[in-house]
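Peer 1: Spelled out from the first residue to the last, the chains are:
Protein chains: 2
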Amino acid sequence: MDVDEKATLFEGYELKLNSYDLGVDIELADAIERLRFEYPQVKVILLRSAKPRVFCAGANIRMLAGATHAHKVNFCKFTNETRNGMEDASETSGLYTICVINGTAAGGGYELALAADHIMLIDDGASAVSLPELPLLAVLPGTGGLTRVTDKRKVRRDRADVFCTTEEGVKGKRAVDWRLVDEVVSASRLEEAVAKRAREFAARSQRPRSGKGIVLAPLKRERSADAVEYSTISVEFQRAARRATITLRGPDSPPPASAEAMVELGAQFWPLRLARELDDAILDIRANEFDVAAIVFKSSGDPAQVLAYDEFLHAHKDHWLAREISGFWKRALKRVDLTSRSLVTLVEPGSCFAGTLAELVFASDRSYMLIGQRDGDNKPPATFALAEVNFGAYPMPNGISRLASRFLADPAALDRARGAIGEMLDAEAAEKLGLVTFALDDIDWEDEIRVFLEERASFSADALTGLANLRFGGPETMESKICARLSAWQNWIFQRPNAVGEEGALKRYGTGQKPAFDTRRV
Amino acid sequence: MDVDEKATLFEGYELKLNSYDLGVDIELADAIERLRFEYPQVKVILLRSAKPRVFCAGANIRMLAGATHAHKVNFCKFTNETRNGMEDASETSGLYTICVINGTAAGGGYELALAADHIMLIDDGASAVSLPELPLLAVLPGTGGLTRVTDKRKVRRDRADVFCTTEEGVKGKRAVDWRLVDEVVSASRLEEAVAKRAREFAARSQRPRSGKGIVLAPLKRERSADAVEYSTISVEFQRAARRATITLRGPDSPPPASAEAMVELGAQFWPLRLARELDDAILDIRANEFDVAAIVFKSSGDPAQVLAYDEFLHAHKDHWLAREISGFWKRALKRVDLTSRSLVTLVEPGSCFAGTLAELVFASDRSYMLIGQRDGDNKPPATFALAEVNFGAYPMPNGISRLASRFLADPAALDRARGAIGEMLDAEAAEKLGLVTFALDDIDWEDEIRVFLEERASFSADALTGLANLRFGGPETMESKICARLSAWQNWIFQRPNAVGEEGALKRYGTGQKPAFDTRRV
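From first to last, the protein sequence lines are chains R and H.
Just so you know, we're using the working numbering here: the first sequence kicks off at 1 and counts up by one.
Just so you know, we're using the working numbering here: the second sequence kicks off at 1001 and counts up by one.
Derived by calculation from the structure, the hints in this document are not laboratory data.
Where is the CB? At the ideal position from N, CA and C, for every residue including glycine.
Zero decoy hints are in this set.
DSS-like, lysine-lysine: derived pairs with alpha carbons at most 25 Å apart:
1. R:K432 to H:K1154
2. R:K154 to H:K1432
3. H:K1432 to R:K152
4. R:K432 to H:K1173
5. R:K173 to H:K1432
6. R:K173 to R:K154
Away from chain H, derived, C-beta distances all over 10 Å, residues of chain R:
7. A31
8. N102
9. K212
10. R223
11. I233
12. V263
13. H314
14. G327
15. I371
16. R374
17. F391
18. I400
19. M424
20. W445
21. E454
Could you put together the complete structure from these sequences and hints?
Peer 2: Below, the structure written as structure tokens:
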């Protein structure tokens, strides 16, 4: 990947998409992460199609028609996370996206455009934006489309109704009047107008004027039959028990002496390495391990060292790389929140759930902490510790911290937790502060955990997926609306014969045969 | 229905439920409406089971196992509306509910308890509250249960996870510590404690100390093959076109001279009569007319008279009956918002969409207004008018007015609309203010409407149901979370073989056979 020559104009980068499908999403997610880390001076991404009229959901439709339900759901979730990531790049990194539509952006293509900061549409009497999912495929623009139309673009609801039911979409002045795009530009003025907007956005960015990026080298992982081994993480599959155990390892050396030394370490810097490996492990389980009912988080290491890294990042919070690493953790932890398996953390002797790693405890549906040491084991008793990062650095999709979500009923409990920042808490203290679900002694531990995990594996997978609603109490954001509400409707529609049945619209699309619908409404 | 003798103590009324099912919901909804209107001096409802241990979802399970998908969805929606109505009675009428659990409240029974202002549990070592839906039936506590646990009771999410997966539930002190009930009381102290709480709630109520209620006489309706005729509403079914047209008639006389005269009119008072009939017509279509894709609203009458009634109610807004009528409209309009058919309003010559009735225009997915008069017709041109009630008296489930939802992008447009209160607006003026979707002249009218309605009838019913997400942009409330998010998850789960398949938990419940699950997770 090279920064385009237009970099001289506005430190920009041009991403050209050939057509829109899951492959593109993976490439796009990768490209954006790399721009964040490898090219800190890039401030604006131009998103446009390689050829006019292919910025659409063609491949997407074929994929959806043929894919399993699991694949569709994973596709939609990853796609949502990528688009949320683009908005996050804008909001927290000052890396803006301008979408240039020099043809027609239909379906998934326009949903992607909606994630940009600014949408430009060529005014040639033909180019349009459209969401033809409903009239054409009997499904929703369900990867954020509807929600971004109402909550980001704030399109008037009756106009949104017209737009979402009009196969050919909306073009020209009406597209601007209805807030579907930000501007329409004639073909002859397009490049000039794009450059002007790009310069405007670049001028608002806080990204460094110049700066040496770091290389996000591909992750190394060794896969065996029942395990995946990373440099800071081990994943073990107990497939008969429908369980995956992820053990995170704390740092084996203190933080570097300076921000420059952190840049020098690059992708080897422990917090970044761990975040990338955790993210990869979660995506691997989502996509490849459908029979895993519960993910068990464990850790090993020195909690004081983990806190030292948190303090290091906090001390350098205005450095671009520290900011990007913190942002990566934020996104990786949101991916954990949105992973629809039961999540449990076991805080055991020798573990290091402190600061950033304590977020996994709060992201879990339940946590158990062992009181004291184990018989015949000399590992130090489990210790839990909080840091400043637990109070806002890593908001959940609902916009507030995991601890604030946890203590919705009781702001005083949140204050008590804040008062304990930096303290090394034993199991009883952590339980008393409400930080873990249960503190158990060695006598009860094994049986309690075994019964819990067996029970979890025996419940209906679908009902447990819905139970994840318990994770998101309190406020709502556009992001939580997309992830928790729109996705639920789309999942429902993806089950219905009108979409996926033999005579449904998804199956019949492109065959020349009209779909046959069960017309009953409720 | 007679007010219980305990009325002397705390102006209370005791509702005893035999078991919990849809029949009870209908009775409960009816009882609460009647208490609001017929017994304005009642301030506290005691909700308790007729016999210990039957305050549960027994009937409910049998119904769910046997019911069609349509019936299940309608049941859940009506149930949600009833519970939201109980909370509304507390919030806006000062009619509080205390739930007394003198046995075990399980499943739907506890979900109902969650709608109360105060939950008391007898402390006998056995009585408990529980949500066993997930472990027992492989579905969710989906009629508000999960959301009220997290967002109303604000139960810590890991405790909520334990609670919702523990079939036998939680009792005694832990039920209080975990915020699942407000207090536990020993059997010997129960009646005394209930009376004390009831007096406390009664003291907070603004309901009149005494007052003559009005009688909510059963509605009269005449049903023929293709129509239902009420006193202020006509419903016509064009079943081949998958359409129902509801025509609302304006008042045929000016408002009464005083609040006393309004009480004298009682259920015959035009605004109340119309609201009750509209509510009934909507419920009838939901439950009995599954093939109706679109509901078309029309009206006939004098818009100035409609405004006069709005002004009358506003002038008497502190009178208990005016407050109850306004509240009834608020709930009826929310029922329209939550009705998953396409909604369209046609504003034609001779119509009276003004003030309260204009809310139907804003509740519609689209609206069309005719410019001028029709050829050969001497009805006055369509006139549209706003009143103060359009700016907050009837919040949507998302907590803001339909106009505020409409103009999310543009507060100035909301101000311009407010500036037009009381003006008689023609089609072009209404369109310019953004109040209707399209103003059309007589030449285009017929074709445009015909094509739109035909198209609507041809789309997938499921996708259109999901498209209703466009109705609820902007903020979220507990109510909108229940209606738009939790319901979507429950609908999805109700489609899944793990719940409803031949080997699913709902089908096998009570048979002695364990359900067989497809264990795959996504």
